[in-house]
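Participant: Okay, here's what each chain looks like letter by letter:
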Amino acid sequence: MSENPVLVEVKNLKVQFDVRDGIVRAVDGATFEIKRGQTMGIIGESGCGKSVTARAILQMVPRPGKIVDGEVIYHRLIRSNGSETIDVVNITRLDPDGREIRRIRGGEIGMIFQEPMSSLTPVYTAGSHIREAVSLHRLMPIRKVETQMVEAIRAHREVTKEEAREIAIEMLHKVGLPKPEQRVDSYPHQLSGGQRQRVMIAIALSCEPAMLIADEPTTALDVSIEAQILDIMRDLQETVDMAIMFITHNLGVIAEMAEEICVMYMGKVVERASAVEVFYEPKHPYTRDLLKSIPHVGKKTEARLASIKGMVPDPFNLPSGCVFHPRCLEYMPGKCDRIVPKWTQVGENHWVRCLLYEEV
Amino acid sequence: MATNETSAAPEAKKNQVSQSYWSLVWWKFKKNRLAIIGGIVVLLFYVCCGLLAEFVAPYGVHTESVFLEAPPQWPRFRDVEGKWHLRPFVYGLEQQIDTATRQRSYVVDTTRCYPIHFFVKAESYRLLGLIKWDRHLFGVHPDQEGAHVYLLGTDRLGKDQLSRLFYGGRISLLIGLTGVIMTLLFGATLGAISGYYGGAVDMSVQRATEFLGAFPDIPLFMALASVIPATVSPLIVYFLLTIILAFVRWGGLARQVRGLVLSLREREYVLAAQSFGASDRRILFQHLIPGAISHIIVIATLAIPGMILSETALSWLGLGIRPPMTSWGVMLQEGGNIRAIRYTPWLLIPILFIMFAVLAFNMLGDGLRDATDPYGGQ
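Going line by line, the protein sequences match chains W and Z.
Note that the first sequence covers residues 0 to 359 in numbering that gives the first Met the number 0.
Note that the second sequence covers residues 0 to 377 in numbering that gives the first Met the number 0.
Hints listed in this document are in silico derivations from the structure and should not be mistaken for laboratory results.
There are no misleading hints in this set.
Covered by chain Z, per the in silico footprint, the following chain W stretches (three or more residues, Cβ under 8 Å):
hint, region
1, 94-105
2, 120-134
3, 194-203
Looking from chain W toward chain Z, a few residues come up when the C-beta cut is under 10 Å (computed):
hint, residue
4, Arg54
5, Met110
6, Tyr186
7, Ile212
The beta carbon of each residue, even a glycine, is placed where N, CA and C say it ideally should be.
Using the sequences provided together with the hints, build the complete structure.
Facilitator: Listed below in structure tokens is the structure:
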């Protein structure tokens, strides 16, 4: 999978929130890339900047946040007349309310959220949500399925109401919602949490995006529904060759879903490697601590479940040097509290931000 | 939210499609007797005054008679000899002028008896401005010489007060409706924009509403109304007045809509809509305003009586609708002096109409307010 072309590159992304008590660096130099068709997992504690990173990719940073530095580069694939060209779009330069970014949102990069309970507008039916997304983005070619070329599609008419409804039913069927012909007319309050999340996925996928950002999509759901939703996402990913950026704090889920993992701590990506390496050869002390804190079923032990000592630092008073040093088990006095670690390569495709792997 | 699943379960089981929001609202509204009465009265007012005033009123709005300031005639079923009649009738009035004081008075002339007929032929008119017709809901028989029926008396020019109330209600009630619609356009749009964008936009809109709110109503009305030239046609006066009312009153609505939008815009579904590429305008008008629409309807219904009262107050002050156009305010102006209260108290009957209309609107609005929250309450 590693030879897949790059889809989205995030380079040194910095997002700051200028609030009354000071500046919060919610994302502080995040760098990673997501390849076509690949699943990238992002893990970290609450408040470490996972969701803000995701929203920055779509230029949807909540007020008063601002992208102060860095770039998000999106490689748009344009297929026309059998040849493929890549159009490079710098998302951070786009007007956050402009037409271009709105074309990307939903049309090319879809997003689903943590709270399926509140992600659907209560006054619209499931179907009308999907229809809205479809009518915003999908244009109908004169039916020749194999030539769904972006150019050709753009040249053609918009979908009619009936077609949009059919697409909606088809999408609901794809995400495994029972009786989609009836459910398409259901209002959000008539659907359960799992059903709503399926509807959200259907909306996000209805325009066949190149990437899906899933921001803790299963956090609010129970475990059996979670498993179903993850299955659906994986199945659909295979059929439409879509990249997924999967954000979670659930290590079990990420192990199951992701091929590559970024570990974030206090707005910084502290480690990036393939899923296998993160789980079997974690380099950063924070990653190791995180893995230690997973309870193991069936392993009988008298010891208490390990937790990371200390508290998440105050975002207004970040520790000097490496931000993790006050909680780190391998803290090197005089070094870690003075020197900011650099992004270092420790293996093939394995990067870490820790002074243990730097010559200082 | 989830209570719906249980409350609508029996029907929902059958066809799997449960009740929509508006059918739940109607279901709850129906159970509120006071609101239903209010609704019916409001509807009656609008049909009788707004649509069919020409038909319902026995006389034309400008039809003058020799009976100046005549008191109301009571419809009777029993005559002075104690005989019962199936058809109601009124006794004729005899005008007398006291030569010493020049005071006009009326005595009931029991020798003349005018039965009231329904669907009588009288002055011709155009129903809804289109259909030419000459039937009236009730009246005295046209063949009877000198017959007259003034159930609520006449005014200083001898015009039938009941007829004028119907015609006047048309103006007063419609000004409430059109005024509120314009308030909605101003207030809901500005309020929603203010709440959604926040920052400098919010600041300026809110300061504008505060300024308007802090400005004393009546002087502001007077200042604005004095801009209306005296020579323009009454219809233009009417429209300008509506605009003035809406201009002064949009602040409250804008505030409420802003508050709603402020809370709604933080919901995840706004983020979700944004994430699938909806523009700001689309989010505002397709996702946020529909969420607030039930509140807006309630606010509007409760704002109509305020509009009616404002029109009445303005016209009473002589700043609003001017004669020959008739509104309840204009009628009150004629009856609003000591002489009238002393000698012709029936000229104050418009107050009853205004009170009924305002009460009915408030009852309807209260009912709607409860009903638009079908999941809350009992």
